[in-house]
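Novice: Residues per chain are reported as follows:
Number of protein chains: 4
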Amino acid sequence: MAKKERAVDSEHLRQSVDDIVARMGIIEQFGDAAEHIEGLADIETDRFGIAVVTVDGEMIVGGDADTAFPIQSISKVFSLTIALRAFGDTVWKRVGREPSGDPFNSIVDLERHEGKPRNPFINPGAIVVVDMLLDLPKKHDGPRTVRDMLVAETGDKEIGVDRAVFDKEASSGFTNRAMANMCKAFDNLNHDVEAVMKPYVDQCALALSCRQLALAGRYLMRKQTGGGEPDGSDDARLARRVNAMMLTCGQYDGSGDFAFRVGLPAKSGVGGGILAIAPGVASVAVWSPTLDENGNSLLGTLALELLSEKMGWSVFG
Amino acid sequence: MAKKERAVDSEHLRQSVDDIVARMGIIEQFGDAAEHIEGLADIETDRFGIAVVTVDGEMIVGGDADTAFPIQSISKVFSLTIALRAFGDTVWKRVGREPSGDPFNSIVDLERHEGKPRNPFINPGAIVVVDMLLDLPKKHDGPRTVRDMLVAETGDKEIGVDRAVFDKEASSGFTNRAMANMCKAFDNLNHDVEAVMKPYVDQCALALSCRQLALAGRYLMRKQTGGGEPDGSDDARLARRVNAMMLTCGQYDGSGDFAFRVGLPAKSGVGGGILAIAPGVASVAVWSPTLDENGNSLLGTLALELLSEKMGWSVFG
Amino acid sequence: MAKKERAVDSEHLRQSVDDIVARMGIIEQFGDAAEHIEGLADIETDRFGIAVVTVDGEMIVGGDADTAFPIQSISKVFSLTIALRAFGDTVWKRVGREPSGDPFNSIVDLERHEGKPRNPFINPGAIVVVDMLLDLPKKHDGPRTVRDMLVAETGDKEIGVDRAVFDKEASSGFTNRAMANMCKAFDNLNHDVEAVMKPYVDQCALALSCRQLALAGRYLMRKQTGGGEPDGSDDARLARRVNAMMLTCGQYDGSGDFAFRVGLPAKSGVGGGILAIAPGVASVAVWSPTLDENGNSLLGTLALELLSEKMGWSVFG
Amino acid sequence: MAKKERAVDSEHLRQSVDDIVARMGIIEQFGDAAEHIEGLADIETDRFGIAVVTVDGEMIVGGDADTAFPIQSISKVFSLTIALRAFGDTVWKRVGREPSGDPFNSIVDLERHEGKPRNPFINPGAIVVVDMLLDLPKKHDGPRTVRDMLVAETGDKEIGVDRAVFDKEASSGFTNRAMANMCKAFDNLNHDVEAVMKPYVDQCALALSCRQLALAGRYLMRKQTGGGEPDGSDDARLARRVNAMMLTCGQYDGSGDFAFRVGLPAKSGVGGGILAIAPGVASVAVWSPTLDENGNSLLGTLALELLSEKMGWSVFG
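Protein chains in written order, with the numbering used here: chain A, 7 to 323; chain B, 7 to 323; chain C, 7 to 323; chain D, 7 to 323.
Quick caveat, the hints were computed from the structure, so don't treat them as lab data. Please note: incorrect hints may appear among the correct ones.
Pairs count within a copy or across copies, as identical chains cannot be separated in the list.
Here are the simulated DMTMM-like pairs of lysine to aspartate or glutamate, each with C-alpha atoms no more than 25 Å apart in a straight line [claimed, not checked]:
hint, residue 1, residue 2
1, Lys99, Glu299
2, Lys122, Glu175
3, Lys99, Asp162
4, Lys99, Asp25
5, Lys316, Asp147
6, Lys122, Asp154
7, Lys99, Asp15
8, Lys163, Asp241
9, Lys145, Asp298
10, Lys174, Asp208
11, Lys204, Asp72
12, Lys204, Glu64
13, Lys163, Asp95
14, Lys144, Asp198
15, Lys316, Asp168
16, Lys316, Asp241
17, Lys316, Asp240
18, Lys316, Asp95
19, Lys144, Glu64
20, Lys204, Asp193
21, Lys174, Asp193
22, Lys204, Asp62
23, Lys99, Asp173
24, Lys144, Asp24
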């Protein structure tokens, strides 16, 4: 394939990623110089990684792209995907698809909506989705857990949980247990609370590198074309829908701001990772541990904002 | 310009619009046949109009595309645009950009956030924006009101208010007055409540046809390209940002569902109109008076869902 | 009548009041010594007044008992009384009688309960009651306004509004106007918002001394006796009901704490006054300007706590 | 002791109780005749019991006064009493004393107040109190559990749990578990959730008759007298405080209405029982299974309203 036929100008992408890594490095080392950017002055030293897989099959990485981190809430994208593939639209009988307008661990909304979580990316929503996965038939065709899916998408059988993260959350996730019990009180949890909490905590503690996470997100960059689905499957429709959920609900209570600044469907985790999709173009993973007040990676968001602008990838024009 | 160079296949668009108009007509006339689509059974007869302006400059219309209707909340897109052009990012000091997660006329959120409306598309947010417009300097370059802007964008100096709508809302908008007073209680309204309510009600009562509304939305389909802004202005950035707000907050409490089904930035009004943008491609206006439970046009939303799918215009792939 | 037949041992009461005034004086002058009482350390100097009218007709006063202060929310007791006498139980169709569990100016509750304020002592509840008073027939027998009632109960025709208080609230009560508009939005306000705000602000700004306020509260100490109403009127029943509302809802968001500490039906105002009733025994007014975090007089509450304990007046045993 | 020296006219009380039982019987048998009393028309047949213990030591009963029923939330009065005796005012560091203004199983308030329940009579408040009781020292002087206390107060060692009630709640109290987890998430629960749920469900399932419950409530009718505590103990102060909590918070979201109609400190349970106290005069227990919309016994409340009026026992005059 000639270079001009490619969807992404890989040289421009390479330069953009290098620029971003350099800039993030400066922020790390010279926090003072970044004082005018709100919040950044507090970061003395930080780590940063980025990986971009294009629709053309190229992988461009920068910084700590091979450092594994717990994906935390990013796992909710994959569990939702498994559930949608297995159960289709019945998923939406048990979980809504509206932004919550409340901090991510809020239980208020759950009570107001009688145990139906507002969307699959807030904790109770993901807990209900995990509850569904426990009902997958034994002979289910395809992955049954987020780990299975991530192994399949990345080809790395070694993917496992971050033990420290798992132990901490398994024993102390009282707010999550509160929300799981609220769902159960409203008959929206089929299994015992503890039977659901185990795989829920499990998937949150899975550790991936940026490189692996970008690979795992490739299925979300499939694009339909007008007049039919050229890739001959329901996958483009699934990707479109998951991307829509990510854009409206993916960054906790900062989703509107993220859409405004970055303009890409994305899902963040409190481990500092973000998976972002440029539909039809690229799957991007960034990681940097320091979080903003909404629980999203500070440098990760900034890097995606720069990448989106440099590459013209915003879905909003 | 050769046809293949066009951004939009106008024949395919023409066929798609015709298909949609025909289908909406069937729903109007044979509501029974549409019973399996939730909510549609209640519609005995309804009216429907559509207009699409492409980035190539073509206008394709169908149904009641020249019937004027009050644009209501769609006016909030234009008042926000004027404010952003005049005041830039200082707008965001007085209004947020997060989905509200509450019904559109909720005052709860306003109290929780100390008089700062969650976003510019809920009523109190738009009221605060109108309050800003009253501070525009006398010699302001460009439109000072939504009407001025609509006249400029459509070239129709006859655009005016729907008198019945204006009279009704001017005298009975008690919830809006409650919210305006709450903003003022928190020092987030510079002018007297009644001084703000007048132009607010005014812009909501402006009556446009689909054809006019699609023309008025053209500025929002401008697309940046990677590596620079080819149209040499801040307009692409503005469009991108307004589109982001429309996608996350544009359909009241049904924004997530709309993103999921249609996948286009859009703003609805209780007059039955919706303005939707396919960034870089088209500006679309639809109108049909029957509303769903969230206050969005039932047939209008369905028509946009079909159009987006037929044309492959979803921003999510 | 022999002294032993009196309901109240007036010597003991006299001593108790003197003790309390002395103790309040010490707190004023030697704030440091009071540091162990939470909140009191902040008061450098403060003023304090108290007046007690017994069922035997005695008046015992102390401190600044003749200084006039704006009664503010205490006026709500009197407007409720006028409304209950004129309209009976229909009052409760437009206002509830449950504690709000929210800060006193909260609008949240109002929205949740569709414009029906939780009780007549939160601002929107009192606004609705004032709206009722505007519907009193021209030839109404008895007082039509709180001022009329206070003049009748105290015999002082000079009672008037504190001009500074009136002017400030008349022009800046935006939260109250927000709540009035919310009531009107739910059809729970018959008159124009401004037509109701005027007498509402008026009654809040009325200025009384402790002596006058204690006199005005006498009608609330009437006690029924088992087996019939010895005073031959509905007044005991009215007093019982108003006292119940005062005990459960009279101190904003601190009503439970006040019942726990003082054990008397009471209503406070942000002017620093409190009217408290020992049913069948006494009407008490205290005043001291410094407020606690719930908006109740700090020294006033402490004084009532001491008085209740010294005299054994708690209704709870 | 001569009859005139008694605090309560026992003949009048006897007649009043008989009247009430007769009237309740009529409502049971001829529901139609009671149609004008809201809610009563739905009751075809119902059971009713009443027991009154006076300060003079007399016990007067009527109806099904010896039928045992699960005391449910009435147990919260006794667990609070044990905690206050053992830990004094430190109890209030972990639980508030304000009415909640929300339905009794609401979790919203708990989140807003960071895991500190609004008062000890809503479920999470009682759960926190039970958590405290688990910290009682081994050699604690006095009852360690509600059952121990009830055995001591009634002299009946056979008091036990209603097995059916216990089993149902032990396995299905998901909302309670949600609230317990919320408290634990905010570090306001020392023991494991399940370790607290067990004794909590246990005390709710304890079954008592009206006769027993009235006996158990005797300690709450102790009255202080002005100028000192004649019964030489802190018991009067304790009773006064528990009574205050019962009056402001004892009937879930109907506490204000109950104070208005009955005017006595009381605590209801969803088993249909109510314990009411006339301070210094009597301890009253009523029981009737049908509940009003707030979860309080319909006939029980009505009976107490009649008794309070007939005997002149309202604390409000």
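Novice: Return the numbers of the hints above that this structure violates; sort them in rising order.
Specialist: Of the numbered hints given earlier, those the structure breaks are 3, 4, 5, 6, 7, 9, 11, 12, 13, 15, 19, 22, 23, 24, listed in rising order.
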